[in-house]
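Each chain is listed here by its residues.
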Amino acid sequence: MARVRIMHYLNQFFAGIGGEDKANLPVGSLKGAVGPGKRLQELLGDAAEIVVTAYCGDNYFSEHREEALEAIVQVARQNQVALVAAGPAFASGRYGFACAEVCHAVRNSLSAACITAMHLENPGIETYKQYKDRKVYAFPTTEMVSGMGEALAGMAKGLARLAGGPSLGTASKESYIPGGFRLDKIKSQTGAVRAVDMLLDKLTGRPFTTEIPLEALEKIPVPAPITNLKDAYLALISTSGAIKRGNPDGFRGYQNTKWAKYHIGKMSSMLDGEWDVIHGGYNIEFMKRNPNYGVPLDVCRDMEKEGVFARLYPYYYVTPGARGLISVMHRIGKEIVTELKDEGADAVLLVAT
Amino acid sequence: MPVAFITAMSTMAKQLGANRVITGTKIPHPCGDPTLSAEADKALRRAIVICALEALQKDVAGPTIFVPDITFTSG
Numbered sequence: 224m225a226r227v228r229i230m231h232y233l234n235q236f237f238a239g240i241g242g243e244d245k246a247n248l249p250v251g252s253l254k255g256a257v258g259p260g261k262r263l264q265e266l267l268g269d270a271a272e273i274v275v276t277a278y279c280g281d282n283y284f285s286e287h288r289e290e291a292l293e294a295i296v297q298v299a300r301q302n303q304v305a306l307v308a309a310g311p312a313f314a315s316g317r318y319g320f321a322c323a324e325v326c327h328a329v330r331n332s333l334s335a336a337c338i339t340a341m342h343l344e345n346p347g348i349e350t351y352k353q354y355k356d357r358k359v360y361a362f363p364t365t366e367m368v369s370g371m372g373e374a375l376a377g378m379a380k381g382l383a384r385l386a387g388g389p390s391l392g393t394a395s396k397e398s399y400i401p402g403g404f405r406l407d408k409i410k411s412q413t414g415a416v417r418a419v420d421m422l423l424d425k426l427t428g429r430p431f432t433t434e435i436p437l438e439a440l441e442k443i444p445v446p447a448p449i450t451n452l453k454d455a456y457l458a459l460i461s462t463s464g465a466i467k468r469g470n471p472d473g474f475r476g477y478q479n480t481k482w483a484k485y486h487i488g489k490m491s492s493m494l495d496g497e498w499d500v501i502h503g504g505y506n507i508e509f510m511k512r513n514p515n516y517g518v519p520l521d522v523c524r525d526m527e528k529e530g531v532f533a534r535l536y537p538y539y540y541v542t543p544g545a546r547g548l549i550s551v552m553h554r555i556g557k558e559i560v561t562e563l564k565d566e567g568a569d570a571v572l573l574v575a576t
Numbered sequence: 046m047p048v049a050f051i052t053a054m055s056t057m058a059k060q061l062g063a064n065r066v067i068t069g070t071k072i073p074h075p076c077g078d079p080t081l082s083a084e085a086d087k088a089l090r091r092a093i094v095i096c097a098l099e100a101l102q103k104d105v106a107g108p109t110i111f112v113p114d115i116t117f118t119s120g
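The listed protein sequences correspond, in order, to chains U and P. Numbering follows this note's numbering, in which position 167 of the first sequence is assigned residue number 390; successive positions increment by one, without gaps. Numbering follows this note's numbering, in which position 65 of the second sequence is assigned residue number 110; successive positions increment by one, without gaps.
Not one of these hints is a red herring.
Which bits of chain U does chain P cover? Going by a derived footprint, with three or more residues having C-beta under 8 Å, they are: (1) 274 to 286; (2) 449 to 455; (3) 496 to 510; (4) 513 to 524.
Just so you know, these hints were derived from the structure itself, not from any lab. Even for Gly, the Cβ is constructed at its ideal location relative to N, Cα and C.
Just need the whole structure built from these sequences, with the hints factored in.
Below, the structure written as structure tokens:
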């Protein structure tokens, strides 16, 4: 019997093409398994075969999503694959986002079932949950690549199951990340009986399992717009990682847990100051040459002088945003906003790389 | 407090729930384009910031993407 055919999707790094310098690479493909795909193939054994590896630069994907997806779906179609594996992406945001989008596109165009894997706080998980595709499954991984072995084992298990049957069971049973919808199931007891049983369990302190777990994703209420721009006091925030020369605040390339503010009150352009750029998630060459790309001080100062708005806040706030944990970034955002409100700022321009 | 969120990854920003998203040029340089002359680069940056200022004055019902009124010249 012919083995079930799999396409594996990787970013430019895991496909062995290059690092940030190759992040603008368009979609390409290689025959057979590549990089982590080789170990995945070993784990799959005879259950299925990775016949092709599609890859794409992380930046290229984000900036040309439609074209990239079309090209990747084309690779899957030409190779007549029945299953798709994407990642693992760990905590890498651009890569995780691409994996979730690839799964969604392939699932919809070719009805191939898909398995991806990434860290629970990877922004790609929000994408995955938003699409709610049946037969797309994301398995949890560690934040760092050190968890590669486990991640591939989880993916291989899911792929082998899909190679042999139409779909996986529930998220709790198969240990993938819940996709945000419920699977229909016939129970012998009515909802009323189950609800009362659950309530009694709860009241008497017995363990129980809810049938509808609450969605943890926070909805951000829409703040009211500013009504009079000419009177507005505006602040700049950036996750670009443009920081004071010499990094006196000790920022790291990844997963920062703090923020800083730097005085720009007397500058008419970022080129007037002395900066470094620290960020583990993108090519910082352009930002180093001209930090106005991440903190658009030059044009803001011009517009302040022209009276387009009243005043520019004398500091800008920054944290290098790479692989930030949502919970930590939430706290950082709160701290910065609290300070801005105390100082009477009206609105924020936030630039993210 | 209203925030205008300038990023090249605007689709992702919208999906994550940012309410006023402005499409920037590229991930490594959201505000401007280093392949342009200094003058054109700054004009592009200004157009992006103007779009952000307009977004700050707009009432939106939920996550919304604003695209600056410019033509990207590279990539």
